[in-house]
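These are the residues of each chain, in order.
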Amino acid sequence: MTATEPPVLRTEELTIRFGGHVAVDRVSCAFDRGTLTAIVGPNGAGKTTYFNLISGQLRSTAGKVVLFGQDITGLTAPRRTRAGIGRAFQLTNLFPNLSVLENVRIAVQARHDTGLDIWSLATRRRELIELAEHHLARTGLLDKMDSVAAELPHGDQRKLEVAVLLALESEVLMFDEPTAGMSVDEVPVVLDLIHQIKADTAKTVLLVEHKMDVVRSLADRIIVLHNGALVADGAPEAVIASDVVQQAYLGTSSASGDGHG
Amino acid sequence: MLRTLLSEDFPRSRALTAVVLLIVLGLVLAPFVFPGIRSLNTAATICIFIVLVASYDLLLGYTGIVSFAHTMFFGIGAYGVALSLKAFPASWGAVALGAGAGLVLAMGLALVIGLFALRVQAIFFAMVTLAVASAFLILASQLSGLTGGEDGLTYRVPRELSPALKLVSAKVMDVRLDGRIVSYYLIFGSALVLVLGLLRVVNSPFGRVLQAIRENEFRAEAIGYRTAFYRTAATCLSAGAAALAGVLMALWTKYTGPDTTLSLSIMIDILLMVVIGGMGTIYGAVVGATLFVLAKNYLQVLMASAAETTAGVPLLNELVSPDRWLLWLGILFVLSVYFFPTGIVGRLRGRA
Numbered sequence: 040m041t042a043t044e045p046p047v048l049r050t051e052e053l054t055i056r057f058g059g060h061v062a063v064d065r066v067s068c069a070f071d072r073g074t075l076t077a078i079v080g081p082n083g084a085g086k087t088t089y090f091n092l093i094s095g096q097l098r099s100t101a102g103k104v105v106l107f108g109q110d111i112t113g114l115t116a117p118r119r120t121r122a123g124i125g126r127a128f129q130l131t132n133l134f135p136n137l138s139v140l141e142n143v144r145i146a147v148q149a150r151h152d153t154g155l156d157i158w159s160l161a162t163r164r165r166e167l168i169e170l171a172e173h174h175l176a177r178t179g180l181l182d183k184m185d186s187v188a189a190e191l192p193h194g195d196q197r198k199l200e201v202a203v204l205l206a207l208e209s210e211v212l213m214f215d216e217p218t219a220g221m222s223v224d225e226v227p228v229v230l231d232l233i234h235q236i237k238a239d240t241a242k243t244v245l246l247v248e249h250k251m252d253v254v255r256s257l258a259d260r261i262i263v264l265h266n267g268a269l270v271a272d273g274a275p276e277a278v279i280a281s282d283v284v285q286q287a288y289l290g291t292s293s294a295s296g297d298g299h300g
Numbered sequence: 332m333l334r335t336l337l338s339e340d341f342p343r344s345r346a347l348t349a350v351v352l353l354i355v356l357g358l359v360l361a362p363f364v365f366p367g368i369r370s371l372n373t374a375a376t377i378c379i380f381i382v383l384v385a386s387y388d389l390l391l392g393y394t395g396i397v398s399f400a401h402t403m404f405f406g407i408g409a410y411g412v413a414l415s416l417k418a419f420p421a422s423w424g425a426v427a428l429g430a431g432a433g434l435v436l437a438m439g440l441a442l443v444i445g446l447f448a449l450r451v452q453a454i455f456f457a458m459v460t461l462a463v464a465s466a467f468l469i470l471a472s473q474l475s476g477l478t479g480g481e482d483g484l485t486y487r488v489p490r491e492l493s494p495a496l497k498l499v500s501a502k503v504m505d506v507r508l509d510g511r512i513v514s515y516y517l518i519f520g521s522a523l524v525l526v527l528g529l530l531r532v533v534n535s536p537f538g539r540v541l542q543a544i545r546e547n548e549f550r551a552e553a554i555g556y557r558t559a560f561y562r563t564a565a566t567c568l569s570a571g572a573a574a575l576a577g578v579l580m581a582l583w584t585k586y587t588g589p590d591t592t593l594s595l596s597i598m599i600d601i602l603l604m605v606v607i608g609g610m611g612t613i614y615g616a617v618v619g620a621t622l623f624v625l626a627k628n629y630l631q632v633l634m635a636s637a638a639e640t641t642a643g644v645p646l647l648n649e650l651v652s653p654d655r656w657l658l659w660l661g662i663l664f665v666l667s668v669y670f671f672p673t674g675i676v677g678r679l680r681g682r683a
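Order-wise, the sequence lines are chains A and B. One gets this note's numbering by counting positions in the first sequence from 1 and adding 39 to each. One gets this note's numbering by counting positions in the second sequence from 1 and adding 331 to each.
Calculated directly from the structure, the hints in this document are not laboratory data. Some hints here could point you the wrong way.
Ranges between beta-carbon positions, derived for each pair [claimed, not checked]:
no., chain 1, residue 1, chain 2, residue 2, range
1, B, L333, A, E51, 57 to 63 Å
2, A, G108, B, G439, 40 to 46 Å
3, B, L595, A, W158, 31 to 37 Å
4, A, L130, B, V524, 42 to 48 Å
5, A, S159, B, V435, 24 to 30 Å
6, B, L595, A, F107, 49 to 55 Å
7, A, R98, B, V524, 44 to 50 Å
8, A, W158, B, N628, 34 to 40 Å
Glycine included, every Cβ here is placed at the ideal spot set by N, Cα and C.
Generate the whole structure from the sequences, applying the supplied hints.
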């Protein structure tokens, strides 16, 4: 962590209300380049809603989202993605009837701004296809690139979700429970990938995760959300040991946290 | 060469290749193999509807947008040429003026509808297009002074397209080479270019974005595509191609009226052709339009002969009476949708 550099991303008093319910409550937090921050909290704490506010799927009621010093609160989701915020979703969110390769290629194409090309052939833009294959190789899906996305086993769909995110080459990468519903032997593949991304010090990673062993092994820092508010923020061991976490989160689930809370 | 022409989007099935080749060959040779005004008329109608259906499939099958305004754009193209040829002496300049004006108006109107309505839910967009198309139909029927009202417009086409033109005095394979033939090949050639153009568009990076929007609009936005822009662009392109199909129709029939271009029953025909052929494939439009137009034109003839042969059988004779042709057409559609849920092309490609 370089203390002198301003944070890549920060939220200021970020709030969203649904009727009388405050789902995210004045959350102020800054995320530095080269760090992985885990966001934990019980179900309904507002973790995914907080993600949606950052990546633009939801508009905040109050507060700001600031990326590279620019206020992006008014930007739509696609413009935030183009500004450098990439997002993988909790519920697998793919292009179901397109091939595995096409799912990633379409994201590469978005990153390289070739969507408006109406006259060349997608099959002849080799450079885009090669990039897509590169991301599939990283996620171990290269041999399945011709399969239809919807027909992949669940674990592979989760990997494809990550491959699509990688293809966006974002500065900020947001993972929402990347290992949810994966079988035990598949989890390490995704965790390895996140480790690799983290090793690239140019990236800023945000991770929502239930499994405490995953959080422990990956996170540089943990923030805890409870009833929409930020209740703890700090180094993993300190946060996990703190009273507020023991009560708010771990009290409701086992300490080793196998996650289906 | 062929790879480039077909935009590397091959039929991907022997049966489908055979069917498409048969259709193309049939259309190329139609004036000579199926002589007669009626069959030539059918062939030209098939060419025009292939363009119309393929352009609609760009919206429905590729982008997942349901619109009921497609005949409106078709009609705008046809009326553009009709009004121009009515106002000016029949010349290619007048045709170009009418076609250009129709194209611009159709794409402009599509842009306005797209900007105002594509942000709302799909069902509301469909309703908006239905309302606009109905209003346009009423407008065309009521503005008798301009459009000829219900009666429509008849006009002269450039001399090169009229039967008065004789290319050679002798007959070729028993067919007189007159302006009708020139006109037919103009329509066939234009249709071919337009269909290959649409095939190119759907296989371009742009076309792939449209498919991504159809598959999962939410995710398409999340990876950075401004989907409202792409959907509007697709609507405009589709409207432009429909208007050009309308231009061809106006040139072929020398008559443009609300019933032949704007009516909602044509809209329903287009929907059926897309579904029967197979959504999301340009080949589906080719197969669907051909079968549908053939069935519409020849089912009655077929049934008349069936009725004659079964003249003595009481109930059967009633059933196959030519007056019941719509019933049989309906049954054919229900069966084809039931047995080929992914359309004929989906079935032939073995994905059904």
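Unmet hints by their number, sorted upward, for this structure: Failing hints: none at all.
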